[in-house]
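Peer 1: For the protein sequence lines, the chains are A and B, in the order given.
Using my numbering, the final residue of the first sequence is 114, and nothing's skipped along the way.
Using my numbering, the final residue of the second sequence is 117, and nothing's skipped along the way.
Hints are computed from structural coordinates only; laboratory data are not their basis.
Below, simulated DMTMM-like cross-link-like pairs (lysine to aspartate or glutamate); rule was C-alpha separation at most 20 Å, straight line:
1. B:105 x A:66
2. A:106 x A:85
3. B:105 x A:88
4. A:58 x A:88
5. A:58 x B:104
6. A:106 x A:88
7. A:106 x B:85
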Amino acid sequence: AQSVTQLGSHVSVSEGALVLLRCNYSSSVPPYLFWYVQYPNQGLQLLLKYTTGATLVKGINGFEAEFKKSETSFHLTKPSAHMSDAAEYFCAVSVRGSQGNLIFGKGTKLSVKP
Amino acid sequence: GAGVSQSPSNKVTEKGKDVELRCDPISGHTALYWYRQSLGQGLEFLIYFQGNSAPDKSGLPSDRFSAERTGGSVSTLTIQRTQQEDSAVYLCASSLLPVWGTNEKLFFGSGTQLSVL
Chain A
1 AQSVTQLGSH VSVSEGALVL LRCNYSSSVP PYLFWYVQYP NQGLQLLLKY
51 TTGATLVKGI NGFEAEFKKS ETSFHLTKPS AHMSDAAEYF CAVSVRGSQG
101 NLIFGKGTKL SVKP
Chain B
1 GAGVSQSPSN KVTEKGKDVE LRCDPISGHT ALYWYRQSLG QGLEFLIYFQ
51 GNSAPDKSGL PSDRFSAERT GGSVSTLTIQ RTQQEDSAVY LCASSLLPVW
101 GTNEKLFFGS GTQLSVL
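Generate coordinates for the entire structure from the input sequences, incorporating the hints supplied.
Peer 2: Written out as structure tokens, the structure reads:
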């Protein structure tokens, strides 16, 4: 069965600094990988996803993630943090053949300091 | 409807009582998911419905939890003999097709906050 591990339940960065949120997956077959974001008092929304093709995926609000099969990773990055990026970020994995089931990690709460 | 609708938005119940949580997915969406969100546990998968296929119930934490989806639309999550550890936000999500589709994504409801006293 597939699973997702997010390293660090809480990450704090300064405004303008690099954001790096780590995600590693476990899957016996090629995965489909996702990042969802939950802003305070809002519902979850899709940030970006990798299905096939280019391994570097660009999402909304300047975020991007790179699928690295050799490292079983799908880390989320943003070159320069903004105060509005403060939110909880969830990595998720789905595998064709699992009927499309989507398994989430435990989430990483990002704080941005002025 | 315009989005995924969940009811009630808040539910307070006494330990040992049964509760039913309702989810109205976006019309036409074939995939429907239930998740539980609690502090420190992130988004815990509960159950997944896809079209007419047998649901994936692998995430249900105990036999006190069950869910059904009638007519491929509305879904009800039932928790019997509630316990205090069941307190959490229960989220429902739907998508038109399985999420590996290029343009597919989950649409989440606002959730039901369940408090078991």
